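There are 2 protein chains.
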Amino acid sequence: MKGIRRLADHLDISIGTVSRALNGRPDVNAETRKRVLEAAAKFGYVPNQSGRSLRQGTTNAVGFMIELNPETASNDPFFLGVFDGVQSVLQRHGLDLIILPCPTSEDPLPYLQRFVMRRSVDAMIISATQRIDPRIEVLQKAGLPFLTLGRSSSGKGYAWIDLDFEGVVTEAIDRLVADGHRRIAMTLPRNEINLGYVCHAAYRAALKRHRVPYDGDLVLRAGWSEQGGYEVADRLMRLAEPPTAVLLVYEMMAIGLYQRLHELGLTPGRDLAVVAFQDRANIRMLSPPITAFHLSLHDLGVGVGEAVLAQMPAYAETYPLGLVQKRWPLTLPAGDADFAAPARKGRAAAE
Amino acid sequence: MKGIRRLADHLDISIGTVSRALNGRPDVNAETRKRVLEAAAKFGYVPNQSGRSLRQGTTNAVGFMIELNPETASNDPFFLGVFDGVQSVLQRHGLDLIILPCPTSEDPLPYLQRFVMRRSVDAMIISATQRIDPRIEVLQKAGLPFLTLGRSSSGKGYAWIDLDFEGVVTEAIDRLVADGHRRIAMTLPRNEINLGYVCHAAYRAALKRHRVPYDGDLVLRAGWSEQGGYEVADRLMRLAEPPTAVLLVYEMMAIGLYQRLHELGLTPGRDLAVVAFQDRANIRMLSPPITAFHLSLHDLGVGVGEAVLAQMPAYAETYPLGLVQKRWPLTLPAGDADFAAPARKGRAAAE
DNA sequence: CTGAAAGCGCTTACAG
DNA sequence: CTGAAAGCGCTTACAG
Numbered sequence: 056m057k058g059i060r061r062l063a064d065h066l067d068i069s070i071g072t073v074s075r076a077l078n079g080r081p082d083v084n085a086e087t088r089k090r091v092l093e094a095a096a097k098f099g100y101v102p103n104q105s106g107r108s109l110r111q112g113t114t115n116a117v118g119f120m121i122e123l124n125p126e127t128a129s130n131d132p133f134f135l136g137v138f139d140g141v142q143s144v145l146q147r148h149g150l151d152l153i154i155l156p157c158p159t160s161e162d163p164l165p166y167l168q169r170f171v172m173r174r175s176v177d178a179m180i181i182s183a184t185q186r187i188d189p190r191i192e193v194l195q196k197a198g199l200p201f202l203t204l205g206r207s208s209s210g211k212g213y214a215w216i217d218l219d220f221e222g223v224v225t226e227a228i229d230r231l232v233a234d235g236h237r238r239i240a241m242t243l244p245r246n247e248i249n250l251g252y253v254c255h256a257a258y259r260a261a262l263k264r265h266r267v268p269y270d271g272d273l274v275l276r277a278g279w280s281e282q283g284g285y286e287v288a289d290r291l292m293r294l295a296e297p298p299t300a301v302l303l304v305y306e307m308m309a310i311g312l313y314q315r316l317h318e319l320g321l322t323p324g325r326d327l328a329v330v331a332f333q334d335r336a337n338i339r340m341l342s343p344p345i346t347a348f349h350l351s352l353h354d355l356g357v358g359v360g361e362a363v364l365a366q367m368p369a370y371a372e373t374y375p376l377g378l379v380q381k382r383w384p385l386t387l388p389a390g391d392a393d394f395a396a397p398a399r400k401g402r403a404a405a406e
Numbered sequence: 056m057k058g059i060r061r062l063a064d065h066l067d068i069s070i071g072t073v074s075r076a077l078n079g080r081p082d083v084n085a086e087t088r089k090r091v092l093e094a095a096a097k098f099g100y101v102p103n104q105s106g107r108s109l110r111q112g113t114t115n116a117v118g119f120m121i122e123l124n125p126e127t128a129s130n131d132p133f134f135l136g137v138f139d140g141v142q143s144v145l146q147r148h149g150l151d152l153i154i155l156p157c158p159t160s161e162d163p164l165p166y167l168q169r170f171v172m173r174r175s176v177d178a179m180i181i182s183a184t185q186r187i188d189p190r191i192e193v194l195q196k197a198g199l200p201f202l203t204l205g206r207s208s209s210g211k212g213y214a215w216i217d218l219d220f221e222g223v224v225t226e227a228i229d230r231l232v233a234d235g236h237r238r239i240a241m242t243l244p245r246n247e248i249n250l251g252y253v254c255h256a257a258y259r260a261a262l263k264r265h266r267v268p269y270d271g272d273l274v275l276r277a278g279w280s281e282q283g284g285y286e287v288a289d290r291l292m293r294l295a296e297p298p299t300a301v302l303l304v305y306e307m308m309a310i311g312l313y314q315r316l317h318e319l320g321l322t323p324g325r326d327l328a329v330v331a332f333q334d335r336a337n338i339r340m341l342s343p344p345i346t347a348f349h350l351s352l353h354d355l356g357v358g359v360g361e362a363v364l365a366q367m368p369a370y371a372e373t374y375p376l377g378l379v380q381k382r383w384p385l386t387l388p389a390g391d392a393d394f395a396a397p398a399r400k401g402r403a404a405a406e
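Residue numbers (the working numbering), protein chains in the order written: chain U, 56 to 406; chain Z, 56 to 406.
Derived by calculation from the structure, the hints in this document are not laboratory data. Don't take each hint at face value.
Any copy, or any two copies together, can satisfy a pair, since identical chains are not distinguished.
[What the hints assert, rightly or not] List time: in silico BS3-like cross-link candidates among lysine-lysine, alpha-carbon distance up to 27 Å:
(1) K57 <-> K89
(2) K89 <-> K196
(3) K89 <-> K263
(4) K97 <-> K381
(5) K97 <-> K196
(6) K97 <-> K57
For clarity, every value in this text was computed on a predicted model and none was experimentally measured.
With the hints as constraints, model all of the structure from the sequences given.
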């Protein structure tokens, strides 16, 4: 004999009472509850999750699908910070966060479908959202509450949170133009992830607003890595007319970019103003210090956690956010002295 | 009506036959099986996991616990590569890999205990193994098959795979000494993770063998980050008698270290020979190229996957590895021209 | 080859 | 306040 039955027999009460005591139901004698809780602690009894899930129709778990493909995944601590924030919300309700890593060898769609149809989780967070992402339809048809981290142009009525790429690109270009820059480069990912389209559109719009001509040579699709940054620096500085500033949508590129600039005898900041997407610890030791937007991964995780709970009927009242469709803001620290390159400033002024 | 019942009613056969057909049992009429499979595909029927698990007493999932605490976790793509390798093994048997991220706010022990006692997984892989790690006892008492990634001095009869830190330290020092180095520094983590002890012991043993005196100033506990590498360079080069070589047990430190050396007007390789633990893509653009050991994360993942299956009674016959206790080797590419610093070589020869 | 039935470990109306 | 019973969705001996 095992499980709740054993505990009940040992205490000489029914399994129903044991269950009620353990689950904190009010209709249990205080003394009985005490005995049950003590015995459970003593024997290390914890209800079997499969039995519970089957009976309750809920797994008390939220899935978070990530992709292991390094070309798609932002193969870095981004997610670890977000997971932590999501958990801090879920644990308030006894929900667990379970990460589902889609292997590189498997198609993300059937992978997701398996977990969805098996009802392994009560809700799902998906990431690495593609411009056309069939996963959204799968989730909608299955009626499983979900949130996408990143937007898609597939479907409309679904909840998403995306980093505010428009805002970052727009603010970066505004600031650079204000500092006299006219030739501003930007990096884009090579794959079909939606942020590439969003950034490109925001970039063109911002330039147009400032009446700065668009030059396709300044928009570089590159590997999403330090190495990619190295190549970007190399390609940009070899142009007949190199840019005076660059916006790195993937901040880790700064490491390779700084290095290549040094090799070319150029000084970041002075010879090429660099703005990076996110001010993370990994690039803080660069010198001169890099200008980057601030993002709290933990806060983002909290936002994601609350947003996904808002999609779940059982928690919608507690988190009355409705269908969350939110661009998550990043902030650019004000008044960065190193931001505008003096040399360029002088040149821009002379023009 | 839902689930298997609905499918059975639609086909006008019993749920038992549907189940047998879907599970590939041989005792099903070929025509019947075909009808069942087609109907299942059409309606997108997938067995509910909780129902299955409860009945079978197995979840068909293997858990992989990681820690989100950046001081403990190697907060980087290490795990993503390993996950992929583990999955490639598990998927051969229809098992899923589920990542369990322990939040920074929670104690790893009760966190693990919850999942173990609930029987949410059939086996567990744990990482960030501490020198004294009570999780091992919890897993052993619960009788859940498990593997630790990293060793502990807690307990004996458990399966582990650990990177061969001894081998790396020993080989690195042998090579450096052969190239004339006598003052060789090494970095260690600040926390209680076991690799710190292992590396320190191997370092002392290797020096002793070469009759090189041990100098505590050359063993630096530092932040496990790029920033930590920056600090290491700074502290080392300010010593009255700086080292001529350094072994970075966390390779990403090389980025900060190279930078600080450059700032100090020193040249990596020439003024300080640098050996890094793992030759990963993130540091490949460093110049001069860094000397580092090679490790295939995917292969390691495969090894971990097979080792954990070997601990599970249902798979032990297929993977007759017994109680795996293995140091996973890393290889140092032979004949690296930049390995020994010419200046130092000259000086060493002159001594 | 198929169906009817038992039962995995729980939770929860329902009686009392 | 407690117990007895039903039933969540499956799989699997057991009959036939």
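Each hint, compared with the structure:
1. K57 <-> K89: within (21 Å within a copy, 40 Å between copies)
2. K89 <-> K196: between (45 Å within a copy, 25 Å between copies)
3. K89 <-> K263: Neither: 71 Å inside a chain and 60 Å across chains, both beyond 27 Å.
4. K97 <-> K381: This pair counts as neither: shortest intra-copy Cα distance 47 Å, inter-copy 36 Å.
5. K97 <-> K196: between (45 Å within a copy, 14 Å between copies)
6. K97 <-> K57: within (15 Å within a copy, 40 Å between copies)
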